[in-house]
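*Asks:* Listed below, chain by chain, are the residues.
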Amino acid sequence: MNTHISPLARVGQYALLAVYVVFLAFPLLWLVSASFKSSRELMSLDISLLPKEFHPDNYVIAWNQQGLVGSAWNSLIVAVCSMVLVIALSLPAAYAFARFRGWLRTAGTGWILVSQVFPVILIIIPLFLILRDAGLVNTLPGLILVYTTYTMPFALWMLQGFAAGIPIELEEAAAVDGASRLRTLTKVIFPLLLPGIAATAMFAFVSAWNEFFFALVLMQTPENYTLPIALKMFIGGEGKVALGPLAAGAVLATIPSIVFFSIMQRKLVSGMLAGSVKG
Amino acid sequence: MTTESLALVDKPVVPKRRSVQSRAKRVEAAALVVPALIPILIFSVAPLLSGIGLAFTDASLRRNDTPDFVGLQNFVDLLGDTMFWESFRIGMVWAVSVTVLQLVAGLVLALLLNANLRFQGLARVLALIPWAMPPVVVAIMWQLIYATNGPLNAVLSVFGPDVTTNWLGEFSTALPAVIVVGVWVGMPQTTITLLAALQQIPTEQIEAAAMDGAGAVRRFFNVSLPAIRPVMASITSLNFIWNFNSFGLVYVMTEGGPGGKTMLPMLFTYLEAFKSRNLGYASAMGCVLVLIVVALLAIYLWSQFREKEAK
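If you read the protein sequences in the order shown, they are chains A and B. Numbering of the first sequence is given in the numbering used here, commencing with residue 1 and proceeding in unit increments. Numbering of the second sequence is given in the numbering used here, commencing with residue 1 and proceeding in unit increments.
Just to be clear, a hint being listed does not mean it is correct.
Only pairs whose alpha carbons sit at most 30 Å apart, straight line, appear in this in silico DSS-like list of lysine-lysine [what the hints assert, rightly or not]:
1) A:232 with A:52
2) B:275 with A:232
3) B:275 with A:187
Quick partial rundown of chain B residues pointing at chain A, CB under 10 Å, derived from the structure [what the hints assert, rightly or not]:
4) 34
5) 103
6) 123
7) 138
8) 222
9) 245
Simulated from the structure, these hints should not be mistaken for laboratory data. Here a beta-carbon is modelled for each residue, glycine too, at the ideal position from N, C-alpha and C.
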């Protein structure tokens, strides 16, 4: 690949890469830096990436005073429950998608594609009414059901990719040995699918943890806010915003996503690509 | 049915058996799929259909009575609603610029990451972080950067007289400022997708072109670009739709302001539904937006198809 590249072009490549790294990394560094700065330093006009004095108490303030703990707890419950539900519901379906052909599969694939591009704004209004009539607006179970439904198409897509990768001969061998269908599934297929299940589960968790729009519409009282909504309300008030604690809260909210993401990044990327590159 | 009874008939035996088997299989497949199907039917297919229905009513959050059927009235009102069309125009400017910038910057970056350079590992990890971050955090982060006493003005002040622009708060800069954030968030996925496509090109093709004396630029236009065009086409159309439908990022940064300069269509529809509480009218907006996006996509796919046919 590196034939005929002049030193000048090489320098140009590195310069471009540097511009890109700065463009991507600087906002992140600034957020972390701001989370350690005193309000006085944040309001002042002279600016440096390193705080003059470290103010870890922004984290303490964010943790203690702004109701962020309660909303983080809500976010955790919602994300874990919808993760479990998504896997429980889409694992059998994904297996069926990978193994059987027919109109169900075609319709399923079609729906997955449509759901990826469909504007939720058209769905949110009647969805709000349905949940209101069922008494599920402003409740965690309501939000869990919504997240499960809207994460499932992509989870199904990822899982069926992993399932299709398991050689069908393994199942046939198990059947020849006299294993029942259920036994084959639980003893042969699901263990082989574990890496795929883990990747999909984390995708479901991060989607729910990060989600903003549904939570904004459906959660109406502060004690039911998820973390993204609580952070938004933080800046919603006019005038005095404590920037340091706000930045600290934002950093805290990002940590679970980044942790999960760095563990699973290879699997997630290959799962995502299965959809877009082949599609 | 027993096999003996059919033993004398040669050919039908096999197909018959197969159909019995496949019926059992179909039942099994259905049993596996139904649990996933139920929530999808209740929470996304049903609302989708009734959303279309609501567009023909005067449903409102202010009253609790059953909404009345008003026919095409909402759509007629929409035609004359200049604020809606202005938000549509802003949405197009936003979606087209973000999509194009994502594609161009993402392609340049994918090419850089595909060349043998140092710091690629770091760049790849960085490329994924915006995707993992909660959108609300991304929005807060950029609010800090665009603030009057934020780092952007500080850096610009180094090059000239003191800059005190309130980037998200001024009419002329708000839309470009949010577009930059849109690119920042969306570029990584485009980059990773294009990188994967680039890596699928057989190295022999590129080496052969190099042997024939093709320089880097010609190799790109004659070998790499044609090979990744299908992927570019699909990621571009998906990006356009995602961008046109985006909500949270801009809502947190500007709430559509200042003076409606960043009022994306989804934002406008949301405010109409849940602040002005006109559910029927907002549903009609949703329907019109979906129709326009689908039409644009159809035109695009059709032109891609025509081009393929022409070759």
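*Asks:* Please go over all the hints and tell whether each is borne out by the structure.
*Replies:* Tested hints:
1. A:232 with A:52: holds, 28 Å
2. B:275 with A:232: holds, 17 Å
3. B:275 with A:187: violated, 53 Å
4. 34: holds, 8 Å
5. 103: violated, 13 Å
6. 123: holds, 6 Å
7. 138: holds, 8 Å
8. 222: Hint violated; residue 222 (chain B) Cβ to chain A Cβ min 14 Å, cut 10 Å.
9. 245: holds, 4 Å
Hint compliance for this structure: hints 3, 5 and 8 are broken, all remaining hints hold.
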